[in-house]
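Just need the whole structure built from these sequences, with the hints factored in.
So the protein lines, in turn, are chains A and B. When we follow the working numbering, the leftmost residue of the first sequence carries the number 1, and every step to the right adds one. When we follow the working numbering, the leftmost residue of the second sequence carries the number 1, and every step to the right adds one.
I should point out that these hints are in silico values taken from the structure, not numbers from a laboratory. There are no misleading hints in this set.
The list that follows gives simulated cross-link-like pairs (lysine-lysine, DSS-like), each with its CA atoms no further than 25 Å apart: (1) B:Lys-58 x B:Lys-101; (2) B:Lys-49 x B:Lys-69; (3) B:Lys-58 x B:Lys-69; (4) B:Lys-101 x B:Lys-69; (5) B:Lys-101 x A:Lys-71; (6) B:Lys-101 x A:Lys-57.
Some residues of chain B that are not near chain A, with every Cβ distance over 12 Å (derived): (7) Val-19; (8) Glu-20; (9) Ser-28; (10) Gly-53; (11) Leu-56; (12) Asn-61; (13) Glu-64; (14) Pro-79; (15) His-82.
Backbone N, C-alpha and C define an ideal beta-carbon position, used for all residues, glycine too.
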Amino acid sequence: DTGVSQDPRHKITKRGQNVTFRCDPISEHNRLYWYRQTLGQGPEFLTYFQNEAQLEKSRLLSDRFSAERPKGSFSTLEIQRTEQGDSAMYLCASSSSGTGDGVYLVDTQYFGPGTRLTVL
Amino acid sequence: AQSVTQLDSQVPVFEEAPVELRCNYSSSVSVYLFWYVQYPNQGLQLLLKYLSGSTLVKGINGFEAEFNKSQTSFHLRKPSVHISDTAEYFCAVKHPGGYQKVTFGTGTKLQVIP
Numbered sequence: 001d002t003g004v005s006q007d008p009r010h011k012i013t014k015r016g017q018n019v020t021f022r023c024d025p026i027s028e029h030n031r032l033y034w035y036r037q038t039l040g041q042g043p044e045f046l047t048y049f050q051n052e053a054q055l056e057k058s059r060l061l062s063d064r065f066s067a068e069r070p071k072g073s074f075s076t077l078e079i080q081r082t083e084q085g086d087s088a089m090y091l092c093a094s095s096s097s098g099t100g101d102g103v104y105l106v107d108t109q110y111f112g113p114g115t116r117l118t119v120l
Numbered sequence: 001a002q003s004v005t006q007l008d009s010q011v012p013v014f015e016e017a018p019v020e021l022r023c024n025y026s027s028s029v030s031v032y033l034f035w036y037v038q039y040p041n042q043g044l045q046l047l048l049k050y051l052s053g054s055t056l057v058k059g060i061n062g063f064e065a066e067f068n069k070s071q072t073s074f075h076l077r078k079p080s081v082h083i084s085d086t087a088e089y090f091c092a093v094k095h096p097g098g099y100q101k102v103t104f105g106t107g108t109k110l111q112v113i114p
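Following this line, the structure appears as structure tokens:
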């Protein structure tokens, strides 16, 4: 397994445009998370999926943000009408609620490399 | 609500010297505690975690942390640092079961000086 992957790694867009990021979790991890990290800060929780169900959403996730995980595998995070304040690193993580496979610890979030968004 | 405080935003230390990165948490219930490391322009990598049991937890790269319930602390230590340890370190807390939200501290930048 190659771990959690995210695409693209970098995105530059103009204010007002829509952007979409993709996250591919560790295979068979049933839980997937999105975080946002701004310069000098720790990651801030945005939302969480268990399989295809979105179970938790932060108040940080305004109505311009939407996340999906339609088949319980990869997930997308879309930001509509981007603003300069949306510039940040968007991190995806995945975890397993199962018994573990000896490689990845149960109930531990493993992070991808992130997508860095710059809104001009 | 849970919160994490990392009082030191930057910690400079000479190579081969010991280091301690401080973390205090606040929670009304029991918690899971984590330390992650982030190298420049990369995602977070788990160093170690505490769920229950022994309060001294050993992690990767020679790091260890001690859970102190009475002081609500989970400080990270390494007896001898290397240049390659230069990175940002994040302490994090999560409630067991139920809610999956992990709350991170603001991070401590460890700078190892040759």
